[in-house]
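S.K.: Work the whole structure out from these sequences, hints included.
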Amino acid sequence: HKKGHFHKNFHSGNILVLGTTDTYIADFGLIGPANEQKSDDKIYGVLPYIAPEVLNGKSYTSSSDIYSFGVIMAELSSGNPPFHDRDHDLDL
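Read left to right, the sequence shown gives residues 690 to 781 (the numbering used here).
No wet-lab data here; the hints were simulated from the structure.
Note that beta-carbon positions come from the ideal geometry of N, C-alpha and C, so glycine has one too.
Pairwise CB distance ranges (calculated):
{"no.": "1", "residue 1": "S701", "residue 2": "S751", "range": "16 to 22 Å"}
{"no.": "2", "residue 1": "K747", "residue 2": "G768", "range": "29 to 35 Å"}
{"no.": "3", "residue 1": "R775", "residue 2": "L707", "range": "31 to 37 Å"}
{"no.": "4", "residue 1": "I714", "residue 2": "S766", "range": "17 to 23 Å"}
{"no.": "5", "residue 1": "H773", "residue 2": "T712", "range": "18 to 24 Å"}
{"no.": "6", "residue 1": "L744", "residue 2": "L707", "range": "30 to 36 Å"}
{"no.": "7", "residue 1": "V706", "residue 2": "K747", "range": "30 to 36 Å"}
{"no.": "8", "residue 1": "P741", "residue 2": "A715", "range": "20 to 26 Å"}
M.R.: Dropping the structure here:
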């Protein structure tokens with residue numbers, strides 16, 4: 690984040706845990722500057738982890754990754770994936 694780059698696809702499936710103390714973030718395929726949007730205007734990522742402002746057409750910011758991190762923390766504390774009881778469609 691200090692260099693103005695953001696993950697843009699941060700979810701629990703992109704966190705690798707090796708042993709008891711080594712944790713890594715994976716899948717940097719969408720990483721890039723916050724103001725760099727894909728030219729096709731499609732939203733990429735796992736829907737329940739995408740920040741609402743991104744779903745509403747705004748650019749990714751550090752807050753977008755922080756939102757995703759918060760969803761991951763809620764998932765860890767509850768033991769359930771986000772919105773586990775709802776379809777991941779337009780109504781989500």
